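Residue numbers (the numbering used here), protein chains in the order written: chain A, 176 to 548; chain B, 46 to 229; chain C, 3 to 543.
The hints are simulated quantities; they were obtained by calculation from the structure and are not laboratory data.
Incorrect hints may appear among the rest.
What the hints assert, rightly or not - Derived DEER-like restraints, expressed as beta-carbon distance ranges:
hint : chain 1 : residue 1 : chain 2 : residue 2 : range
1    : A       : Asp-286   : B       : Gly-59    : 22 to 32 angstroms
2    : A       : Gly-327   : B       : Glu-129   : 47 to 57 angstroms
3    : B       : Arg-132   : A       : Glu-326   : 21 to 31 angstroms
4    : A       : Gly-504   : B       : Ser-206   : 36 to 46 angstroms
5    : A       : Ser-443   : B       : Arg-132   : 36 to 46 angstroms
As the list claims (entries may be wrong) - Derived BS3-like pairs: lysine-lysine, alpha-carbon spacing no greater than 25 angstroms straight-line:
hint : chain 1 : residue 1 : chain 2 : residue 2
6    : A       : Lys-331   : A       : Lys-341
7    : A       : Lys-502   : B       : Lys-188
8    : B       : Lys-146   : A       : Lys-349
9    : A       : Lys-512   : B       : Lys-127
10   : B       : Lys-127   : B       : Lys-52
11   : A       : Lys-512   : B       : Lys-153
12   : B       : Lys-131   : A       : Lys-512
13   : A       : Lys-428   : B       : Lys-52
14   : A       : Lys-428   : B       : Lys-146
15   : A       : Lys-341   : A       : Lys-428
16   : C       : Lys-515   : A       : Lys-245
17   : B       : Lys-131   : B       : Lys-146
18   : B       : Lys-127   : B       : Lys-148
To be verified - Residues of chain A clear of chain B, computed beta-carbon distances all greater than 12 angstroms:
hint : residue
19   : Ile-226
20   : Arg-394
21   : Ser-416
22   : Ile-499
Note that the structure is predicted; figures quoted are calculated from it, not measured.
Think of the CB as a built atom: it goes at the ideal place given N, C-alpha and C, for glycine as much as any other residue.
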Amino acid sequence: MKRVWYIFLALLFTPYVLAAEMPLNMTKGVTDISGQVYNLHMTILYICCAIGVVVFGVMIYSMINHRKSKGAIAANFHESTKVEIAWTIAPFIILIIMAIPATKTLIAMEDPSDADITIKITGSQWKWHYSYFDQDIEFYSLLSTPRAQIEGTEEKGENYLLEVDKPLVLPINKKVRFLMTSEDVIHSWWVPAFAVKKDANPGFINEAWTRIDIPGTYRGQCAELCGKDHGFMPIVVEALSQADFDIWVAEQKNQASTAAAEAEASLSKSLSMDELMAQGEQVYMSRCAACHQPNGMGLPGVFPPMKGSPITTGPLMDHLEIVINGKAGTAMQAFGKQLTAQEIATVITYERNAWDNNTGDMIQAADVSQHGQ
Amino acid sequence: MSNNQGKSNRKLIGILIAGAVGMFGFGFALVPLYDVLCEQLGINGKTQNSASTYKPFTIDESRTITIEFMAQIQSDMPWEFKPEVKRMRVHPGELVRTHFKAKNLSLKDTIGQAIPSVSPGQGAAYFNKTECFCFNQQRLMAKESAELPLIFFVDPDLPDSITTLTLSYTLYNITDRGYVGSVE
Amino acid sequence: MNTLTREAEPNMEIGQVEAASDHQDEHQQHPSGIKRWLFTTNHKDIGTLYLWFSFIMFLTGGAMAMVIRAELFQPGLQLIEPNFFNQMTTIHGLIMVFGAVMPAFTGLANWLIPMMIGAPDMALPRMNNWSFWILPFAFTILLSSLFMEGGGPNFGWTFYAPLSTTYSPDSTALFVFSIHIMGISSIMGAINVIVTIVNMRAPGMTWMKLPLFVWTWLITAFLLIAVMPVLAGVVTMVLTDKYFGTSFFDAAGGGDPVMFQHIFWFFGHPEVYIMILPSFGIISAIVPTFSRKRLFGYASMVYATSSIAILSFLVWAHHMFTTGMPVFAELFFMYCTMLIAVPTGVKVFNWIATMWRGSLTFETPMLFAIAFIILFTIGGFSGIMLAITPADFQYHDTYFVVAHFHYVLVTGAIFSIMAAAYYWLPKWTGNMYDERLGKIHFWCSVISVNVLFFPMHFLGLAGMPRRIPDYAVQFADVNQIVSIGGFAFGLSQFIFLALVIKCIRGGEKAAAKPWEGAEGLEWTLPSPAPYHSFTTPPEIK
C-alpha cells in the first residue's frame with residue numbers, strides 16, 4: 176500500500192521537475208498590478224494548501240488508525256452542535272481574510288482614469304487591430320508563424336504561435352488605457368505579464384489599463400473561443416522606454432507616408448502575370464488561406480471554395496466587390512481597409528488563375544483603385 | 046395507487062409543470078429585466094435610444110469632462126466612418142453639437158446602423174443625446190458621403206469620480222437584414 | 003442487449019444465467035426482449051436503461067476526449083483541423099454533461115429512490131418511460147450533426163453568441179432541437195422524482211428520516227425545474243437570432259451578446275450543482291457504511307445542501323468576470339461565490355467526522371468515496387482561487403479552469419457515480435462484483451486521472467488558453483504527460499465495463515445486505531431486488 180503511494184507521488188511530481196524550462200506558476204509580470212495579483216494568487220494557494228494539509232491529515236490519520244483490521248471499534252457520536260458551528264464559522268473567517276486583499280486589488284485594477292495614452296484594440300477573426308488614439312497610428316497584427324511550422328514540415332521556432340508581424344508598441348512607466356471592442360465575435364485580449372484580460376465584445380467597448388515597469392517583449396493569446404483559428408491569434412507587446420517609443424512613433428509616421436507614396440506609385444505600375452501570381456500567393460496564404468484553405472477548396476459548409484467558384488471564375492466586378500467590401504452577415508471581411516490596392520490586385524489575380532481557375536485575368540492596382548478601394 | 050394519491054399527484058404535477066413553464070417565461074423576461082438593470086446600474090454602457098429633452102441646466106463651469114469619440118466599423122461594412130473631433134472638453138449641462146463623417150465606399154446602396162456604447166458604463170446614464178444619427182438607420186447611396194449629427198449634453202449629476210467619458214459608435218451593415226428600426 | 007436483459011431480471015437463478023440468452027420472462031404481464039425495454043414502466047428497468055445509456059455516452063464523449071488529447075499530444079496540427087477540433091470539444095462537453103453525468107444520476111434515482119423511501123415504483127411510470135426514450139433521439143440528432151456539411155456545433159458547449167448565431171454552422175438548428183429534447187427529458191425526470199418523494203414515502207418516513215441521497219436528489223430536481231427551462235429559453239433565442247431575424251444577442255438590432263452569457267450562466271451555475279448534489283448524497287451513504295458509524299451531522303448536511311442550492315442562483319456571473327462588469331457587481335459575485343465554500347466545507351468536515359473513530363474497511367465503493375472527498379476538495383480549492391476576481395483575470399479561460407471543472411466533474415461527479423455503481427451492484431444484480439478487479443479499476447483510474455488533470459493546473463498558470471488545437475512549444479512536455487494520463491484513464495474504464503458484465507453474468511451470490519455497516523430500506527429487500535420494490539409499505543423505525 177505504501178509503495179503504491181510512493182509511486183503515485185513520484186508519478187505526480189517528477190514530470191514537473193523535469194520540465195524545468197517551463198515556468199509552472201503564474202507569472203509575476205512586469206506591472207504593479209500583476210505583482211499584486213501574483214501575491215494574491217500565492218496567498219490563497221498557501222491558505223488552501225494549509226487547509227488541505229489539516230483536513231486531509233485528519234482524514235489520513237483516521238484511515239490509518241481507525242481501520243477495522245486494526246481492531247478499531249466504531250464510536251457512537253453522530254452530531255455536535257459546537258463542532259458544527261465552529262467549522263461553519265472558521266471557513267467564514269478565512270474567507271474574509273482572503274476577500275480583503277482581493278477587494279483592494281480589484282478596485283485598483285478597475286480604475287482606468289487619468290491615462291497617459293489610449294489604445295483601441297479591436298479583435299476580429301483572427302487578428303488584432305491596434306489604433307493609437309492620439310498618434311494617428313493604426314495597424315493589424317497577425318500571426319507570423321509560417322504554415323510549414325504548424326504543419327510540421329519545418330522545425331518550430333522559439334516563439335511558435337506567439338509571434339506576430341507587427342507587435343503593439345507601448346512606452347514604459349506610462350498609464351496605458353485600452354479600449355476593447357470586436358468586429359465580429361467575442362475575443363479576449365490577454366497578456367499574462369500585465370494581468371490584463373478583457374473581453375472584446377462586438378458593439379460595446381470595455382476598458383482596461385496597465386503601467387509597464389520593465390522594457391521587454393511580452394506575449395499573450397486570445398482567451399475567448401472565437402471560431403476556427405482561436406488558437407492562432409497571438410498578442411505581442413513591445414515595451415520601450417519613452418525615448419525609444421518616441422523614435423518608434425516618428426518612424427511610423429515616416430513609414431506611413433512612404434507607404435502612401437508607394438501605393439500612389441503602384442497605381443501607375445503594371446505588373447507581369449508572374450509577379451502578380453507570386454505576390455498574390457503570398458497575400459492569399461497570409462490573409463485568405465485560414466478560411467478558404469491553401470488548396471482553395473474551402474471548408475464545405477463553412478467557408479466556400481475558391482476553386483471553380485462563381486466569384487473567382489465569374490465577372491471581375493463581383494470578385495472585386497466581395498474582396499474590397501466584404502459580404503454582410505458572414506465572416507467575409509471588407510479587405511479594402513486592410514490591404515493596399517496592389518495587394519488586392521495581386522490576390523485577385525492569384526485567385527482567378529490558381530487551382531485551374533485559369534481565367535487569364537490580370538488585375539492591376541489601378542483597377543482596384545477605380546473600384547473604389 | 047389510491048385515488049387520493051392520484052389526485053395529490055395530479056395537483057403536484059400541475060404545480061411543477063406550471064413552475065417549469067413559468068421559468069421558461071422567466072428566461073425571456075430576463076431580456077427586458079437585463080435592459081432595465083443595465084440602464085439603472087450602467088452594466089453594459091448602452092445609452093438610451095431615443096432623444097432626451099434638454100432642460101436648460103445651470104452649466105457647471107467648475108467641472109470639465111473629457112469626451113472621447115470613437116468609431117468602429119464592423120468588418121462587413123464598406124463605409125468610412127469617423128468622428129469630426131476625437132476629443133473635446135465640455136462642462137456638465139452644456140449642450141454640445143458635433144458630427145461624425147461617413148462615406149459609402151462601395152458601389153452598392155448600403156444601410157448602416159450605429160450602436161452607441163459608453164465607457165465607463167456607469168456614465169452612460171448621464172450622457173444624454175437630444176439628437177443622434179444612431180436613433181435611425183442611415184442609408185447611403187453608392188459613393189455617397191454624409192455628415193451625421195450628434196447633439197448631446199452631460200448631466201450635471203455625473204458622479205465626481207468620472208472625468209472621462211468615451212463614446213463609441215459601432216457601425217453595422219444591416220442592408221440585408223430585415224430590421225425595422227431598432228428592436229426596442 | 004442480452005446483458006441488459008439479464009441485469010434487471012429479478013428472479014433468475016445464478017446457474018441459469020448462461021442458459022438464459024433466449025430468456026423467458028417469468029412475469030407474464032411483462033413482454034420480453036426488446037419490447038420489455040421499449041415499453042417498460044418499471045423503475046428498475048428504466049434505471050438500468052439510463053445507466054447503460056449514460057455509460058455508452060461516457061465512452062462516446064470519452065472517445066472525443068481521446069481525439070482532443072491525441073491532437074494535443076504534441077505542438078503543431080497533426081491529426082485534425084481546428085474546426086473539427088472545436089466540434090470535438092463542444093460535443094465532448096455536451097455529451098458528458100447532458101449524456102453521461104445527468105442520465106447516470108437519473109438512472110440512480112430511478113433505481114434507488116423507490117427502494118429508499120419504501121415505495122413500490124416511481125409515481126409516474128409512463129412519463130418515466132418517455133423521459134428516457136426521448137434521450138437516445140436527442141443524442142442521435144446531436145451526433146448526426148457532425149456528419150452534416152459544415153460540421154456539428156463548433157462554438158463550445160457554452161455556445162456564446164454571436165459565435166453560435168451569426169457565425170455558426172448550418173447544423174445549429176439540430177443542436178438547438180437536441181438541447182430542447184434533453185431539457186424536456188430532464189424536466190420530466192425531475193417532476194417524477196419530486197412527486198415520488200413527496201407522495202410515495204412509506205408511512206413513518208418523515209422528511210428528516212429520508213436518506214441523504216433522496217434529499218439531495220429532491221433539491222436537485224427543484225434546481226432542474228428551475229433552470230432547464232431557462233436553458234430552453236436561451237437556445238430558443240439563439241435559434242430565432244440565427245434563423246428568424248430577432249436580435250436578442252446582436253448589438254446591431256439593440257441586443258447585447260453579453261446578455262447571452264448572463265442568461266446562459268443563470269442556467270449554467272445551478273446546472274453545476276445539479277451535477278454534484280446527488281454525488282453528495284451518494285458519498286453520504288457510502289462513507290457511514292464502511293465506517294460502520296452513523297453519518298455525522300445529518301441535519302447540517304440537509305441544510306448545507308439547501309443553502310448550496312440557493313446560493314447557486316446568486317453566483318452565475320463569476321463565469322464572466324472578464325466581460326467588463328462594474329466593480330460593485332464583480333465584488334458581489336466574488337463574495338457570494340466565496341460563500342459557497344462554507345456549506346461545501348461543512349459537508350467535507352462531516353464526512354471526515356463520520357470516518358473519525360469509525361471502524362474502517364476499504365472496499366471499492368469506499369475507495370472511490372475517499373478519492374472523491376480528496377479530489378473534489380482539491381477542485382473546491384481551485385474553485386476558491388477562481389472566485390477571487392483579480393486572480394481570475396489570470397486564470398479565466400485557461401487550462402487552470404479546465405483542471406478545476408474536471409476535478410469537480412470527473413473525480414467528483416463521475417467518481418461518485420462509480421462508487422454508487424460498486425455500492426449497489428450487489429443489490430441490482432444479486433451478485434457480488436469482483437473486488438480484485440474493482441480495486442484494479444480504482445487504482446488505474448485514480449492514478450491516471452491525476453496524471454491527466456493535475457498538470458493542467460500548471461499549464462493554465464503558465465498561460466495556456468483552453469480550447470486551442472495547437473500551442474506554444476513551452477507547453478509541449480506537460481501536454482504530453484496530460485495526454486498519456488488521458489489515454490490511461492480512458493482505457494481504465496474498460497476494466498469497469500468488464501467488471502459490470504462479469505457481475506451481471508454471475509459471481510458470489512449477494513446477501514440482502516452485503517455490506518456490514520449499511521443502513522437503509524433498500525438493504526431490507528432481497529438481492530437482486532424484486533421487480534416491484536415494496537408492494538406493502540415497510541415499517542420505519
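Now the hints, each set against the structure:
no.: 1; hint: A:Asp-286 <-> B:Gly-59: 22 to 32 angstroms; in the structure: violated, 53 angstroms
no.: 2; hint: A:Gly-327 <-> B:Glu-129: 47 to 57 angstroms; in the structure: holds, 52 angstroms
no.: 3; hint: B:Arg-132 <-> A:Glu-326: 21 to 31 angstroms; in the structure: violated, 47 angstroms
no.: 4; hint: A:Gly-504 <-> B:Ser-206: 36 to 46 angstroms; in the structure: holds, 40 angstroms
no.: 5; hint: A:Ser-443 <-> B:Arg-132: 36 to 46 angstroms; in the structure: holds, 38 angstroms
no.: 6; hint: A:Lys-331 <-> A:Lys-341; in the structure: holds, 20 angstroms
no.: 7; hint: A:Lys-502 <-> B:Lys-188; in the structure: holds, 17 angstroms
no.: 8; hint: B:Lys-146 <-> A:Lys-349; in the structure: violated, 32 angstroms
no.: 9; hint: A:Lys-512 <-> B:Lys-127; in the structure: holds, 14 angstroms
no.: 10; hint: B:Lys-127 <-> B:Lys-52; in the structure: violated, 68 angstroms
no.: 11; hint: A:Lys-512 <-> B:Lys-153; in the structure: holds, 17 angstroms
no.: 12; hint: B:Lys-131 <-> A:Lys-512; in the structure: holds, 20 angstroms
no.: 13; hint: A:Lys-428 <-> B:Lys-52; in the structure: violated, 82 angstroms
no.: 14; hint: A:Lys-428 <-> B:Lys-146; in the structure: holds, 23 angstroms
no.: 15; hint: A:Lys-341 <-> A:Lys-428; in the structure: holds, 15 angstroms
no.: 16; hint: C:Lys-515 <-> A:Lys-245; in the structure: holds, 24 angstroms
no.: 17; hint: B:Lys-131 <-> B:Lys-146; in the structure: holds, 12 angstroms
no.: 18; hint: B:Lys-127 <-> B:Lys-148; in the structure: holds, 9 angstroms
no.: 19; hint: Ile-226; in the structure: holds, 35 angstroms
no.: 20; hint: Arg-394; in the structure: holds, 25 angstroms
no.: 21; hint: Ser-416; in the structure: holds, 26 angstroms
no.: 22; hint: Ile-499; in the structure: violated, 7 angstroms
Consistency with the previously given hints fails for numbers 1, 3, 8, 10, 13 and 22, ordered from lowest to highest.
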